[in-house]
Structure formats: structure tokens, C-alpha cells
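Trainee: In case you want the letters, here they are:
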Amino acid sequence: MKARIVVTLKNGVLDPQGKAIEGALKSLGVEGVASVRQGKVFDVEIDGDDRAVAAQRLRAACEKLLANTVIENFNIDLD
Amino acid sequence: MRAAVILFPGSNREGDAARALRQATGRQPDIVWHADHDLPAGIDLVVLPGGFSYGDYLRCGAIAGRAPIMDAVRRHANRGGLVLGICNGFQILCESGVLPGVLMRNANMHFVCRMQHLRVERRATPFTSSYKPHQIIKVAIAHGEGNYEADDPTIEALEKDGRIAFRYCDSEGVAGGASNPNGSRNDIAGIYSERFNVLGLMPHPENLIDPLVGGTDGRGLFESIAGFATA
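First to last, the protein sequences are chains Y and G. Per the numbering used here: the first sequence ends with 79, consecutive numbering throughout. Per the numbering used here: the second sequence ends with 310, consecutive numbering throughout.
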């Protein structure tokens, strides 16, 4: 099974990289960009075909390593 | 005093840490590989050195923070053993949950590599007893992710319990404004664990132990540790 995990900064956490990208887009003349927040995407292939087990494993992966839950949220999208 | 310096793939300040320890304690520290599961018997102090463990992949210190040796480091800390995390070592301590909070990208987006004044916020700890109260010291900083952040209750608890070890300041000891190199909350450069036996800090005191290379303001930290262990 394939899954896509998206890790994003929690609201209120300062994101200097997102701010720099936002500034660069504005300086390139891209109009209407109100704000940019940078995150991470992980495409994970997981063995087996039990969706509940897979979801549980992916959640463990996020909590143990992929996201620092002090500052980040994660979202798991299982195909 | 017996010390162990943990070596992760991508550590690069382990030699500096070992040299500072040798100067202060008269004894060569053990170098311990990250994949080991146990510390050598009789270790008083564990040092997590600076560098770029795992190339800073994922997040600084994230992968090293889950290395096999970290369970042994956690056990050592839980039984009151001394742990010192410098720069990447501080990031590893935060990522592994030994210390609270997180080191984020510097607010100005620049890697900062320069000399920096710090104020010693608390003297009566195993790491700072050789300094004078609120002494201003000048040491090196070299990091891109040293912007200390934690949620409000954590920051309040750190302040209330006197767990701020060092604050960024100017040569007069005034914190805030341009003397903060990375945007750290409350100008925090280093923090203690609840029992003051774990210290994590971004600056590099281990590089300021020799008058030939910039000064000796870092010596106090290692002399404090040596004195504590023999006391």
C-alpha cells in the first residue's frame, strides 16, 4: 500500500523559510500570495493489505520520527 | 572524572570536546559509537558533541536522537548522571525528549559563525560553579538552527525554575535586540533539565580553552564539571 504523509508546522510557529519563499514569490511578481508555510512530504510504501494495521504503523512512524510534535502536525493519506 | 563523548555519523566537534575535557580533568574521555547500546561502566559525564549528525537530514538531531546509544544516555540522565549537549548535541537532546523544546531555523535565515557574549544565569550547578555570578563570557557560536522555541507553559516553567543556563547578551550583559543571534525565545542559549544534571547549549565553550585561539572563557564550564565530579 502507498501512503503520503504531510508534515506541517503548527499554527503560530514561526516559519522563516516559508517567509523567505513568500518574499521571493512576491519579488518575482507572483500576485495574490497572502502567505506561504513550508512543510514536508513523505511517500511511504507499506507491506501488507490491512488498512487498519498500515494506518497504525504510519501513525507510529510519524510520532516516533517523521514529525516533531512539539512544533509539527502530520496528516496521513493512505491510498 | 570519567567522561564519554558520543560519536554520531557527522559529528565533527568530538575532538574539541575531548581536548577540553582532557585539559580540565587530566583524563582522556572514552569515545563511544552511536550504535552501541551501553555506556562504559563508571562514566560520570556523557557529552554529545557538535557537528551535523546524519547531515541534518529530516530535522537537526532527529535521527541521532533515536540512535541506540540514546536509551543508555537517557538511563544515565535518569539516575542523575551528567549529560552535556553542545550545539548539535543540544538539538539531539531536544529531539530525544531529554530536554524540552526544539531548535528551529535561525529567525534571520543565516548560518551564524562568530564570537558571542553570554550571561551565566545560574552559578550553583555542576556546569557553572567555576564562573562568577552572572559572569559575562565570550565564546564561539556556529549554527543555522539555534532558535530555541517551546510552548508558553514550558518557557514559563524554565524561567520560574531557574533552568535557563545561559542567555545571549552584549558585552555589558544586556540581553535582547541585536545581541540575540538567532531569534531564540527569551534570548535562551542553553537550558538545564529539571534536576540540573543535563545541560544543552548552542554555543561552543569547548573551543575557548586556549589563549592562543581566541580566549579561555569556555574553560570554566569544564573545570566546573571536573570539580563537581571530584567533590
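Any given hint might turn out to be false.
Cut-off 20 Å, straight-line C-alpha distance, at most; resulting in silico cross-link-like pairs (EDC-like, lysine to aspartate or glutamate) [what the hints assert, rightly or not]:
no., chain 1, residue 1, chain 2, residue 2
1, Y, K64, G, D135
2, G, K217, G, D289
3, Y, K10, G, D289
4, Y, K10, G, D230
5, Y, K64, Y, D43
6, Y, K2, Y, E45
7, Y, K2, Y, D47
8, Y, K64, G, D150
9, Y, K10, G, E251
10, Y, K10, G, D231
11, G, K217, G, E251
12, Y, K40, G, E224
Calculated from the structure, these hints are not laboratory results.
Trainee: Quick one: which hint numbers does this structure break? Sort them smallest to largest.
Mentor: 3, 9
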